[in-house]
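**Student:** Kindly produce the complete structure, drawing on both the sequences and the hints.
According to the working numbering, the residues represented by the sequence shown are 195 to 517, in order.
Calculated from the structure, these hints are not laboratory results. It is possible that part of the hints are untrue.
Unchecked claim - Within a straight-line C-alpha distance of at most 27 Å, the following computed DSS-like cross-link-like pairs (lysine-lysine) qualify:
hint	residue 1	residue 2
1	444	476
2	253	235
3	403	245
4	245	444
5	253	403
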Amino acid sequence: MLVIESGFFVDSLLIFVLAFLIDVVFGEFPDRVHPTVGIGKAIAYFKPIFKNANPRIEKANGIIFCVLIIVLVTVPIGLLLFGIRHFLGWIPYIVVSAILFKTTFAIKCMRQYTGSIAGALKSGDLDKARRWLRYVVRRDPANLNEQQIASAAIESIGESTTDGITSPFFFFALFGVPGAFAFRVVNTLDSMVGYKDREHVNIGWFSAKLDTIANYVPTRFTAVLMVVAAALLGERWRESWRILQRDKAKTSSVNAGWTMSAMAGALGVQLEKPGHYALGDKGNISPEHIRRALRIMDLTAVLFGAVVVCPILAAEALVLWLV
195 MLVIESGFFV
205 DSLLIFVLAF
215 LIDVVFGEFP
225 DRVHPTVGIG
235 KAIAYFKPIF
245 KNANPRIEKA
255 NGIIFCVLII
265 VLVTVPIGLL
275 LFGIRHFLGW
285 IPYIVVSAIL
295 FKTTFAIKCM
305 RQYTGSIAGA
315 LKSGDLDKAR
325 RWLRYVVRRD
335 PANLNEQQIA
345 SAAIESIGES
355 TTDGITSPFF
365 FFALFGVPGA
375 FAFRVVNTLD
385 SMVGYKDREH
395 VNIGWFSAKL
405 DTIANYVPTR
415 FTAVLMVVAA
425 ALLGERWRES
435 WRILQRDKAK
445 TSSVNAGWTM
455 SAMAGALGVQ
465 LEKPGHYALG
475 DKGNISPEHI
485 RRALRIMDLT
495 AVLFGAVVVC
505 PILAAEALVL
515 WLV
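**Tutor:** This is how it looks when you write it as structure tokens:
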């Protein structure tokens with residue numbers, strides 16, 4: 195009879211569940227103590243150091259730049275948790291691990307921002323909706339109408355279900371809390387330097403590629419589980435699957451189209467970024483669609499934990515037992 199190495203599995207599961215509960219209850223930590231803000235400051239500090247007039251040198255520097263930030267963040271976290279476990283004991287280790295892990299994903303925060311957008315749209319306050327939208331999308335919301343604002347919010351929910359929730363879950367399952375932070379570093383780098391403009395095309399190319407690779411597997415799991423979530427919530431799961439298959443490749447990103455198209459089909463709407471893509475079939479978008487999208491996001495996160503994270507942890511525990 196095979197016996198799973200219970201210590202590793204139970205510890206990891208406790209950290210995962212406690213971090214999830216911390217997010218549900220407390221949401222995001224203040225900026226002054228949030229690790230992601232610190233990561234952003236480190237990126238801003240080191241970026242000018244690695245810039246170079248020679249494109250080839252700057253591209254090579256982009257690799258060093260990315261790896262350096264990952265190491266600067268993950269190694270101290272790994273050492274901190276090792277020290278807490280061995281010198282302070284099991285309970286402080288679980289609690290601190292959960293608190294740190296929680297900072298790598300954001301569920302309640304997305305609900306707060308996009309819920310505020312839905313509320314502003316429902317009351318007819320487009321200016322307020324546009325102000326809230328700036329927190330969740332890169333595009334300029336100044337000239338967006340009600341339908342476009344709602345679409346942008348739902349697109350953000352769909353895409354952020356992966357890079358804001360399930361990808362950190364995935365890398366936690368594989369590599370623990372440092373793994374989740376490694377992903378958060380890569381994703382933050384991509385959001386700050388992963389552009390194709392003149393300033394970032396060389397320094398940020400490696401970060402952008404690495405972010406694409408890191409999200410590749412989690413995105414596909416997430417999109418399929420989004421269809422399952424739609425079915426469990428009584429949404430249009432057949433349409434979700436059909437639109438996912440039809441429209442997933444319509445975005446410039448090889449990842450973003452998967453979850454956004456699955457979300458569009460589930461809600462029976464078309465998500466459109468003018469001049470870039472249109473996912474799903476035509477249909478009016480209301481503030482209620484944003485709230486329904488959030489329900490799909492929440493259940494998808496839970497399903498990902500049950501269907502992806504737990505089996506990975508159990509498999510790792512079994513390997514540890516066999517070794």
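**Student:** Going through the numbered hints above, which ones does this structure break? Give me the numbers in ascending order.
**Tutor:** 4
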